[in-house]
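Asks: Respectively, the protein sequence lines represent chains A and B.
Using the working numbering, the letters of the first sequence correspond one by one to residues 576 to 691.
Using the working numbering, the letters of the second sequence correspond one by one to residues 237 to 349.
Take the hints with a grain of salt, since some may be wrong.
Partial selection, computed: residues in chain B whose CB lies under 8 Å from chain A [to be verified]: (1) 238; (2) 335; (3) 342; (4) 348.
Restraint-style ranges between C-beta atoms, simulated for each label pair [to be verified]: (5) A:641 - B:264: 28 to 36 Å; (6) A:592 - B:297: 23 to 31 Å; (7) B:320 - A:583: 34 to 42 Å; (8) A:628 - B:288: 24 to 32 Å; (9) B:246 - A:679: 22 to 30 Å; (10) A:629 - B:265: 16 to 24 Å; (11) B:250 - A:587: 49 to 57 Å; (12) A:651 - B:246: 32 to 40 Å; (13) B:281 - A:615: 34 to 42 Å; (14) A:587 - B:341: 21 to 29 Å; (15) B:320 - A:656: 38 to 46 Å; (16) A:649 - B:281: 32 to 40 Å; (17) A:636 - B:241: 33 to 41 Å; (18) A:587 - B:292: 24 to 32 Å.
Calculated from the structure, these hints are not laboratory results.
The beta-carbon is built from N, C-alpha and C at its ideal position, and this holds for glycine as well.
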Amino acid sequence: EAGVAQSPRYKIIEKRQSVAFWCNPISGHATLYWYQQILGQGPKLLIQFQNNGVVDDSQLPKDRFSAERLKGVDSTLKIQPAKLEDSAVYLCASKPRGGPGTDTQYFGPGTRLTVL
Amino acid sequence: AQSVTQLGSHVSVSEGALVLLRCNYSSSVPPYLFWYVQYPNQGLQLLLKYTSAATLVKGINGFEAEFKKSETSFHLTKPSAHMSDAAEYFCAVGGGATNKLIFGTGTLLAVQP
């Protein structure tokens, strides 16, 4: 079974530029998460989708971050404009629809963003 | 509300020695608890999880953890460290309506030869 795919793996941009990250979850997984992991910290949830609907975006800085999952499969996370403090690893995770044994989130390799 | 505290941001052990990584949690609902491992430049890999079944949970690579409700703890142990165990370990708490995970700040494990 293929895992969670993310691209690009690395991205370097100047502040005030825009950037987009892509995630393809495990086939059949209804729930998709984007996390931000700043160096030296644990991952922090940015947004959670159930199919193509947003379940939780309370931690998403909506003035500059946006995310979509139009067809309920892959997802894009965008930052516009980027700030220095956005330098982090952006992790995508997916999970099957609820029920016994479906509580585990599976993580992709992440995209490391450096804002100069 | 849920939170996780990992005591010790850096732990160093000798190869063959006991590994003990500490995690305490706070949760207003019955918690699900997880330990994930992260190797350099990789995503998070699940080591083990507690989801209200057996309190002693066995995971991959010889790791195990015990859920102690009275102590609100979920410490990770391994009897004998191997060089390949060197990585960062994250404890996380989940549960509730959205099942989102709240992660601790991580413990970097170094294994000395």
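Asks: Which hints from the list above does the structure break, by number from lowest to highest?
Replies: Going through the list in order, the structure violates hints 1, 4, 6, 7, 11, 13, 16, 17, 18 and respects the others.
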